[in-house]
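Participant: Which chain is which? The protein sequence lines are A and B, in order. Here this note's numbering is used: position 392 in the first sequence is 392, and no number is missing along the way. Here this note's numbering is used: position 241 in the second sequence is 705, and no number is missing along the way.
The hints are simulated quantities; they were obtained by calculation from the structure and are not laboratory data. As the structure is a computational prediction, the values presented were derived from the model and not from experiment. Each residue gets a CB set at the ideal place from its N, CA and C atoms; glycine is no exception. No false leads were mixed into what you were given.
Under 8 Å between C-beta atoms, here's a sample of chain B residues computed to sit facing chain A:
#1 Ile491
#2 Cys508
#3 His511
#4 Lys562
#5 Val882
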Amino acid sequence: MADLTTNFAGIKSPNPFWLASAPPTNTGEQIMRAFDAGWGGAVWKTIGEQVTNVSSRYSSVDWNAQRMMGFNNIELISDRSVEVNLRELAEVKRRYPKHAVIASLMVESKRKAWHEIVKRAEDAGADGLELNFGCPHGMNERGMGSAVGQVPEYTERITAWVKEAARTPVLVKLTPNVTDIRTIARAAKRAGADGLSAINTINSITGVDLETLLPRPNVDGKSSHGGYCGPAIKPIALNMIQQVMSDEVDGAPIPTSGIGGIGNWQDAAEFLLMGCTSVQVCTAVMHYGYRIVEEMIDGLSEWMDAHGFATLDDFRGKSVAKVTEWQHLNLNYKIVAQIDESLCIGCQLCHIACWDGAHQCIHVDRVSGPIDGPVELHAKPHESGRERITVTPIAKLDPPATHVGPYATSLERIPRVDQTECIGCNLCSLVCPVERCITMVEQSTGLAPESWAERTKATAELAG
Amino acid sequence: MKFVANAEIAARFADLHPALDACAAVIEANRCLNCFDAPCMGACPTHIDVPRFIRKITSGNLAGSAKTILDANVLGASCSRICPFEVLCEGACVLHGKHERPVEIGRLQRFAMESFYDAGGRLALRQRPERSERIACIGAGPASLACAAELRQQGFAVRVIDRRELPGGLNTHGIAEYKLSAADSLREVEMVRGLGVEFEVGEVDAAGLAQIESESAAVFLGVGLGAMHRLDIAGASKIGAGKIIDALKFIAGYKTGSRRTVGRRVVVIGAGNTAIDAACAAKRLGAESVTILYRRERENISAFDSEYEHALGEGVEFVWASQPTAMAEISDGLGLYCVAVAQDETGKLIPVAGSQFDIECDMVIPAIGQSPLMELLAQIPGLTMKRKRVVIDRATGQTGNPKYFAGGDCVNGGREVVDAVADGKRAALGITAWLSSQSNTQTEAQRG
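Build out the structure end to end from the sequences listed, making use of the hints.
Facilitator: And the structure:
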């Protein structure tokens, strides 16, 4: 069985699955239950000067009858005192010495305040410190959270203050609400941060109640923008992680704890492949509870075993370098759509998607038109079903519907790709509801690989 | 006439299938792939734009969803209760190709339609000029209702004439109550009335028809079929009143609340959908045993498979390949004398020697088809009949007499409500096109 033990800049945990600093890590009692369920570490709900929270605090975006595709909160940091939080933290560490307990911290931007909170957290037994420079709502109005994380100079200065006092590894949590997340990561590196956590939540308004006209969530007739998270933000997070993990400015990339829409082992594996040392989870736990970690551990182990990865280091970061700038992509690589007629169910979604949303090369003319060869004259999409006179079939009186062709679906319903016109965009294969029905197959162009960068360089040389 | 549903009947004939609740409807609606030129739409005789109305359910636009349905099929509510979906829209669902159960189109349609009626159920007339021509629809069943509604939408003055007090035809009188209640059928009729259709009660005879024709620019025949075939076996004519009752009368009786009892032991003769409805109704009215007697085998019945399965679930028993030969009143009810039959090489049914058997019962319900309304239809010059059905142009509904259009059971010999609705709507468009061409011709003649 695969070895999932994790060493994050010296912070050790039995697996890379940490709970992110959020409501699931609000109290010691919760965190201990989470460790019992299998979580390898927990970043404590941000500790700082005690706040007052509002109700309600959350809102979400449902999609296609699925709850909480995206989740939004306007909750501030811990509304419990520093004393209570640190007393419980000490208790957790005493009972769970092998699990990672990281204190997330946020205090006013004064050197002394930071030195003091760092000392108190470490004295309580925290294995590491995560600096909350990311909270995008409320705290930033008070000059903390993303108000720090959006300005490289502030990030660098406060991180440096913390490093002056800290004996444990220091992680800087990055906000995505910036133009280029790398500028903040570089500031953290310059200040000597031991690691990064990315990403925090994204500024959001999840929607408007169309009866009351009130944006959500509703706090006594008013709303406020919140921080967006959950499955919806995973692609954004993954991109930002890739940016940070491939950035060599101001030093090599440092260990990073990946955050953003991670809900299962596949998500986690993707973040690890993008270079993360550990991953942090919040929304999925808020949705389903701590128990989901069992599937995450199990799934990741099975996948590692199947791929021959004994440890996380065996595959960590393997996908980072596979991302490049567009200008280095091969312009002479061509793929075209191919429909497996035996799998087609005749929904014609590829046809209408190609027609209205792509390049008009998937046709529904299998019965009347030629099957191969270029089609110059395109018939417009056409709903033929409306024109037929249909009656309820009575088995005894009516012959079964005519079926054309050798496949389960009648040929007239199976679209045809005009491969001479297909530009290989993928759209049809993405909309097709049947697994493996539409595949993109490589078609030799007979040309040597050439990128845009190479082409423009060659052109410039010719001109020069 | 104000109809009040009978409480006992309502209790005995409670809804067969529960309605989808709002949350379940949205989840089910989201299963729809939203096919292009969707096969379900093509399979529906009225071509309801199924993906469109389902998509509107997913976005909470229930009014728009219902109007999408009604735009194609003004009886969308009753059809959502009684259509044999498995051979229509749901049978055509592409999810079958993925070995998944089809989208529950019928229940989603019912959800949209019930939301519509619960919210008041009023349909607006399209923007169009009123037209001076008057058109009469004979019969107030589904074909006429659909025709009349569409004619009103085209701007014509429309009246619907039926011999029964309660309009709706078989929707009101002939469909098992647990599938479609008389009250729900009448609610739909009221919506059609709300479009400005006038309803009249009266028997249409030869003289009446001449009168109607003279007052109308066109006449739509949605007359359905006539009385059910009588049970023509020895002794039947001597049986006392109320012991032989045809299936449609039986069903109409309990649906309108005038019948609340049934014989202890009931035999239904025939195995079509109406026979099944009658048999199940007899069970629910309290019959101890209900037997369906059918002259052919299970695979030959004209009832849909789902109906057959339902009857089994209700406790109806089936006796195959047998037919009654005679009957008589006996001390304890009725004696029905039967014989087993088998097919010869030509397919003809012949009695099996020595296979005679008796069934003792208290009530016999023949459900052996309806005869066409030959008497009325024979009055119309130019109208042609073929195999006891009115011959029409399929695309327009026009009969051999150009002023007469027809649709529904009198044309197709007895099919589904949705077929009648499609016929009625096509005929309305046919009438509109024909009258337009007539007036164009006239104008041209005047210009000379």
